[in-house]
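Asker: As a plain string of letters, each chain reads:
There are 2 protein chains.
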Amino acid sequence: MREQLTRETTANVYLVLFSLSVLLNIFLLCQHFSFHSPSRPSSTISELSWTRRAAAEAEAVAAISCSGHGRAYVDGVLDNWRPTCECNTCYIGSDCSVLLSNCSADVDSGDPLFLEPYWMQHAAKGAVVLSGWHRMSYSTTDHFKSLELENHIRLLHAAVGNAITDGKYLVFGTGSTQLINALVYALSPENTSSPASVVATVPYYPMYKEQTELFNGRDYEWEGATAKWRNSNKTNFIEFVTSPNNPDCLLCDSVLGGSSVIYDHAYYWPHFTAIPEPADGDVMIFTVSKLSGHAGSRFGWAFIKDENVYNKVSNYLQYNSMGASRDTQSRIFNYVKLILAEIGSNADIFEFGFNKLRKRWQRLQALVNSSSRFSLQQLSPQYCTYFKKIRDPSPAYAWLKCENEEDADCAEVLMKGGIISRGGTKFGSSTQYTRLSLLKTDDNFEMLLQKFKPLVASSDENTSEISSF
Amino acid sequence: MREQLTRETTANVYLVLFSLSVLLNIFLLCQHFSFHSPSRPSSTISELSWTRRAAAEAEAVAAISCSGHGRAYVDGVLDNWRPTCECNTCYIGSDCSVLLSNCSADVDSGDPLFLEPYWMQHAAKGAVVLSGWHRMSYSTTDHFKSLELENHIRLLHAAVGNAITDGKYLVFGTGSTQLINALVYALSPENTSSPASVVATVPYYPMYKEQTELFNGRDYEWEGATAKWRNSNKTNFIEFVTSPNNPDCLLCDSVLGGSSVIYDHAYYWPHFTAIPEPADGDVMIFTVSKLSGHAGSRFGWAFIKDENVYNKVSNYLQYNSMGASRDTQSRIFNYVKLILAEIGSNADIFEFGFNKLRKRWQRLQALVNSSSRFSLQQLSPQYCTYFKKIRDPSPAYAWLKCENEEDADCAEVLMKGGIISRGGTKFGSSTQYTRLSLLKTDDNFEMLLQKFKPLVASSDENTSEISSF
Chain A
1 MREQLTRETT ANVYLVLFSL SVLLNIFLLC QHFSFHSPSR PSSTISELSW
51 TRRAAAEAEA VAAISCSGHG RAYVDGVLDN WRPTCECNTC YIGSDCSVLL
101 SNCSADVDSG DPLFLEPYWM QHAAKGAVVL SGWHRMSYST TDHFKSLELE
151 NHIRLLHAAV GNAITDGKYL VFGTGSTQLI NALVYALSPE NTSSPASVVA
201 TVPYYPMYKE QTELFNGRDY EWEGATAKWR NSNKTNFIEF VTSPNNPDCL
251 LCDSVLGGSS VIYDHAYYWP HFTAIPEPAD GDVMIFTVSK LSGHAGSRFG
301 WAFIKDENVY NKVSNYLQYN SMGASRDTQS RIFNYVKLIL AEIGSNADIF
351 EFGFNKLRKR WQRLQALVNS SSRFSLQQLS PQYCTYFKKI RDPSPAYAWL
401 KCENEEDADC AEVLMKGGII SRGGTKFGSS TQYTRLSLLK TDDNFEMLLQ
451 KFKPLVASSD ENTSEISSF
Chain B
1 MREQLTRETT ANVYLVLFSL SVLLNIFLLC QHFSFHSPSR PSSTISELSW
51 TRRAAAEAEA VAAISCSGHG RAYVDGVLDN WRPTCECNTC YIGSDCSVLL
101 SNCSADVDSG DPLFLEPYWM QHAAKGAVVL SGWHRMSYST TDHFKSLELE
151 NHIRLLHAAV GNAITDGKYL VFGTGSTQLI NALVYALSPE NTSSPASVVA
201 TVPYYPMYKE QTELFNGRDY EWEGATAKWR NSNKTNFIEF VTSPNNPDCL
251 LCDSVLGGSS VIYDHAYYWP HFTAIPEPAD GDVMIFTVSK LSGHAGSRFG
301 WAFIKDENVY NKVSNYLQYN SMGASRDTQS RIFNYVKLIL AEIGSNADIF
351 EFGFNKLRKR WQRLQALVNS SSRFSLQQLS PQYCTYFKKI RDPSPAYAWL
401 KCENEEDADC AEVLMKGGII SRGGTKFGSS TQYTRLSLLK TDDNFEMLLQ
451 KFKPLVASSD ENTSEISSF
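Residue numbers (the UniProt record's numbering), protein chains in the order written: chain A, 1 to 469; chain B, 1 to 469.
Source of the hints: derived by calculation from the structure; they are not laboratory data. It cannot be assumed that every hint is accurate.
Claimed, not checked - Not close to chain B: a few residues of chain A, all C-beta gaps over 10 Å, as computed:
1) C66
2) D95
3) L99
4) S139
5) G175
6) N236
Unchecked claim - Calculated lysine-lysine pairs in the BS3-like style (CA-CA distance at most 25 Å, straight line):
7) K426/B <-> K312/A
8) K426/B <-> K426/A
9) K337/A <-> K356/A
Beta carbons are placed, not taken as given, at the ideal position from N, Cα and C, and that holds for glycine.
Let the hints inform the model, and build the full structure from the sequences given.
Answerer: Structure (structure tokens):
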């Protein structure tokens, strides 16, 4: 009897163990089929092959911690074969965690890192993968230009409403920088004893003067400020009109009203200004640096109405560099597509940029207005056809004026206070002015405010109303 | 008794079932841990996140079939949102499967697609992934230049033994194209009444003349062939020396022996020529187009001994384009690293390029030598310090001469025969010569031979010994 009971217990024990084991089988089988399900995102091992190494490397480098005050890149300076962190203003250390105590806020350049967080937030959409054989040829889909990138740029301008492009030719440049001299060359007479006079209205972007003088072509000559030529009988002008203007961000137009006007609309995007109407010049320059923030890519474009001018520019670009890098065109194509697709969504880059720069302007304004030592350019709220509302200013630069006589050299005043700015004489203006870039990282902007506070506080007539910002 | 047996059998059955279930669990657990093992390639789903979309897209586009006579790219012309195939010479159709019956072989440009198969064979090593926030800034690790790329370029020259770079400054250009005028500018006197005379020895690369004349700077002037100036008292020359020369691929040196010589060493790599010794000029240009085949990337570099010249070139590059695209620098960094790592291995790119071009030259030579209608430049086997042996010629171009009086315009003769070449007058030479590019795809080269055969066969003095090739 006892034996019968033992055998029955044994059988029951095995049954229980078997049942438990079967449950584990079922669980593990579910896991197994789940990993290999066709409905899983198309990035299982079985579907990614030659891109794996590079993708893994990119993610590993992106994951290197730089304490939120820097970032590492795949081609960064190597330390033990590992790219090192590249730190924001005033941060140092292998992980950018140390804030230098006595460090200047460098707001000299228009480096558009204010858009970096946008791309970090949209990492998946912003990634670009290029094969080893990607576009090896000199030729791409429209000679040296990507046809689809051309198409999408036109679509973007139409969607944003900031430029009329129909009936105009399109050229690509290695930055709008390259297009500046290309256009001066193309608009100049050939083999002439009377070179074209290249002019701009003060304050102007220094590049126009510096570049024209450096290249020193026989058919053009830098002739300074438009004010000098207002009542002149001269006709052969090439006038640069930057709108919004760099450095003071005002919307403006041609002063001399001549036939050769180069409209530089680098900043004519909703990040920086209201869009009252689409620009419609015969020659209009734009740059990706100020659209998406990819200044390092070196990519710009221009719309040109006149066919002869277009042919001359194309010729120049062919002989200067055989066009803009096809790698860069591929990368920028991805970004233009994305920006276009996200218009009006909660991932709208213009919304992102506008909000960030508006807050920066408000905080800086509050600080500057708390004393009469300094003043800023006057910018008013304006109706914007893109946002379909009256919107506050969100300029790229502060055009700061030192109001006191003893602050004759404004850039020098700021330099002594630990702020590196770009002095007014560079823009053809006076030393009473200096330009502060509002385009850089959050760390950089915070450092600017931190350094500015004592300068404002040390003014004789300050109101001590430096509100918390 | 029977009941005892039944109970025992039942227990045994449960034991067997339990054992089988345990074995299944062990198997499934091994599978599970194998997928998540740290030693597995770092590309499991749990390890790839933001790069997945772009990686999958790149692989999908690379997998589009173009019948082996073309390829699709991620930024190709879209048809139903799918990039279309871009076909090789004379192939058409949505999958490049149709060979046009009456189509010219276009061997005009030096488009280096002969290296495309190399990069397709090394797909994993050649892939590059760029994040959306990759190098947005104007500045990179050495102002506008990637420090690691600079380092690796120097290492590569040392490893190949084709240039002495110690004690020389390094600049990057948007193609060597950009560096040509930058160097002419930098070597010219400033604000002079006696502009520098820019010269080259016939036959010369057309770009030197065309670019110098287009930019038309006040401090330099194109003054033609060196032969004109051999016995001149003039001293202010800027002489271009291309070695190996484009178009005839001969190794050569300065003719005028002046102080300002620009050595264009675009082709001074083992693909194209023996390396008898490292080049050691004070100014030396190289281009990635002819190193790795990435002509579309627009990237070149130059070594410069004199600090003043270097500063002037850097200044020019800043004002022309603010340096070369940082995207491109990142991509090329990957390729230079790879090429360096594979030196001497069975993935040596120079071995690959040399073998391909050598075979092409032999086949073309056999065809040309089968009649006296045409002749080619004389190239001999030569000792190469890279391959450490005497090696056959493997030139980039055929510098074809039409020997018969009635074939006065050689390019025209070939054009009528269905070959588009680059006529000798472009190189400052006579119409008796024309240049054939041997650098393009296999399809292109086969088409060249196919079109050339009848031209040779139609010669009066052919020997009918057109060997099978």
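Asker: Each of the hints needs a verdict: does it hold here or not?
Answerer: Going down the list of hints, with the structure as the test:
1. Every CB of chain B lies more than 10 Å from the CB of C66/A, the least distance being 12 Å, so the non-interface label holds.
2. D95/A, annotated as away from the interface, keeps every beta carbon of chain B farther than 10 Å; the closest lies near 17 Å.
3. Distance check on L99/A: its Cβ is at least 20 Å (rounded) from any Cβ of chain B, clearing the 10 Å threshold; non-interface status holds.
4. Not every CB of chain B lies more than 10 Å from the CB of S139/A, the least distance being 7 Å, so the non-interface label is violated.
5. The beta carbon of G175/A sits about 5 Å from the closest Cβ of chain B, which is not more than 10 Å, so the claim that it is off the interface is violated.
6. Distance to chain B confirms N236/A as a non-interface residue, since its nearest Cβ pair spans about 17 Å, more than 10 Å.
7. A hinted pair counts as satisfied when its Cα atoms are at most 25 Å apart, and K426/B with K312/A qualifies at roughly 20 Å.
8. Of the pairs offered as hints, the one joining K426/B and K426/A is violated, with about 44 Å between alpha carbons and a cut-off of 25 Å exceeded.
9. About 22 Å separates the Cα atoms of K337/A and K356/A, which keeps this hinted pair within 25 Å; it holds.
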